Amino acid sequence: MSSSATADEQGGSGTVWYRRAACADGGELAVSLALSDGRALVTAVGGMEWRCTWPLEQALDHECLAATSETWLDLSGLEFADSSLLHLLLDSQRVHRARDARLVLAGALQPVVERLFTVTGTTAFFMRTPL
Amino acid sequence: MSELTDGGSRLPEFSPVDGDSRLPESGPEAVGVRSPGPERRCVRIAAPLKARGARAEVSRLLAGVAGERCVNDALLVVSELISNADRHGGGLRVFAAGVEDGHLWLEVADHSDVLPESAAPDPLVPGGFGWSLVRRLSVDTQVRLHTNGDEPGKTILVSLGLE
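Note that the protein sequences, when read in sequence, are chains A and B. For the first sequence, numbering that gives the first Met the number 0 assigns the number 0 to the initial residue and increments by one for each residue that follows. For the second sequence, numbering that gives the first Met the number 0 assigns the number 0 to the initial residue and increments by one for each residue that follows.
These aren't lab readings, by the way, just hints derived from the structure by calculation. Everything numeric in this text was worked out from a predicted model, so none of it was measured. Do not rely on the hints blindly, as some may be mistaken.
Below, a sample of chain B positions facing chain A; criterion: calculated Cβ distance under 8 Å [claimed, not checked]:
#1 Arg59
#2 Asp72
#3 Leu75
#4 Leu132
#5 Arg134
#6 Leu136
#7 Glu150
What follows is a set of in silico ranges between Cβ atoms, one per label pair, in the way DEER data are often shown [stated by the list, open to error]:
#8 B:Arg59 - A:Val94: 49 to 59 Å
#9 B:Asp112 - A:Gly37: 50 to 60 Å
#10 A:Arg19 - B:Gly63: 26 to 36 Å
#11 B:His110 - A:Glu78: 40 to 50 Å
#12 A:Glu78 - B:Val42: 19 to 29 Å
#13 B:Asn147 - A:Thr14: 30 to 40 Å
#14 A:Thr14 - B:Val42: 38 to 48 Å
#15 A:Leu130 - B:Asn147: 52 to 62 Å
#16 B:Asp112 - A:Leu130: 44 to 54 Å
#17 A:Glu56 - B:Pro47: 41 to 51 Å
#18 B:Glu162 - A:Glu78: 17 to 27 Å
#19 B:Arg59 - A:Gly76: 36 to 46 Å
Here chain B is said to cover these stretches of chain A; the calculated rule only asks that three of the stretch's residues, wherever they fall, bring their Cβ under 8 Å from a Cβ of chain B [claimed, not checked]:
#20 24 to 31
#21 66 to 77
#22 82 to 88
Beta carbons are placed, not taken as given, at the ideal position from N, Cα and C, and that holds for glycine.
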């Protein structure tokens, strides 16, 4: 690891983790994790379906989150998500709460993803904040 | 066996005259799209087909005949149906869809005779969001078990209103 990567991991801003999954159907999900001001920022871009959730699962399980009290999850780059996203988020929210941390959806959601939350009645389950 | 036949009888009649069309208004942009010609408003695809491909077909079917929210609802429903077929239904057998009488109809056939079920209302219980979503967004859902033939299977038929 280069010294700059080490500096990032010591709490400065910058990406500390990144994974990109090529899904079996030709889609792709890329997830990055950054740390800034004691907060974890997880950013997901692409499409999410039941076979292709692991990059986001791993990001939300990353050990770096344990040192933070708040995770901002930016899903504005998700062009589609199915109900597997909801299960993943609910699980992660439970884990966050167990260590007295908050999971917050940061930024806007694309209409089809916002609609997923709305029609399943899960909009109110998650804290939201603008980016 | 469900009627997964050619879509001839399900094709709506397209007329250049907008006024009394059976399809609901979805905006001024729809008028220009409804041109006479061999528009395909029905599709039938045998496996393999992934959810992404099914969503593309539904988008194409609904182009110009449904508003954005309706299209998004249809994408959510078809994705859950295809994923369920793969995940719980022993794999997709056939996907069919069409637009008729102001509705989008979807048919997803798989290789399992296990019926879909919704989760308990408790969101902490995993599983079941998908089928609940399908039920909530559709105006009609049917499940037909395949009783002829050697292999188990079922067809889920869903109808969504177009707005």
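A quick look at each hint next to the structure:
no. : hint                            : result
1   : Arg59                           : violated (16 Å)
2   : Asp72                           : holds (7 Å)
3   : Leu75                           : holds (6 Å)
4   : Leu132                          : holds (6 Å)
5   : Arg134                          : violated (10 Å)
6   : Leu136                          : holds (6 Å)
7   : Glu150                          : violated (24 Å)
8   : B:Arg59 - A:Val94: 49 to 59 Å   : violated (40 Å)
9   : B:Asp112 - A:Gly37: 50 to 60 Å  : holds (53 Å)
10  : A:Arg19 - B:Gly63: 26 to 36 Å   : holds (35 Å)
11  : B:His110 - A:Glu78: 40 to 50 Å  : violated (30 Å)
12  : A:Glu78 - B:Val42: 19 to 29 Å   : holds (22 Å)
13  : B:Asn147 - A:Thr14: 30 to 40 Å  : violated (56 Å)
14  : A:Thr14 - B:Val42: 38 to 48 Å   : holds (42 Å)
15  : A:Leu130 - B:Asn147: 52 to 62 Å : holds (55 Å)
16  : B:Asp112 - A:Leu130: 44 to 54 Å : holds (47 Å)
17  : A:Glu56 - B:Pro47: 41 to 51 Å   : violated (26 Å)
18  : B:Glu162 - A:Glu78: 17 to 27 Å  : holds (23 Å)
19  : B:Arg59 - A:Gly76: 36 to 46 Å   : violated (24 Å)
20  : 24 to 31                        : holds (count 3)
21  : 66 to 77                        : violated (count 0)
22  : 82 to 88                        : holds (count 4)
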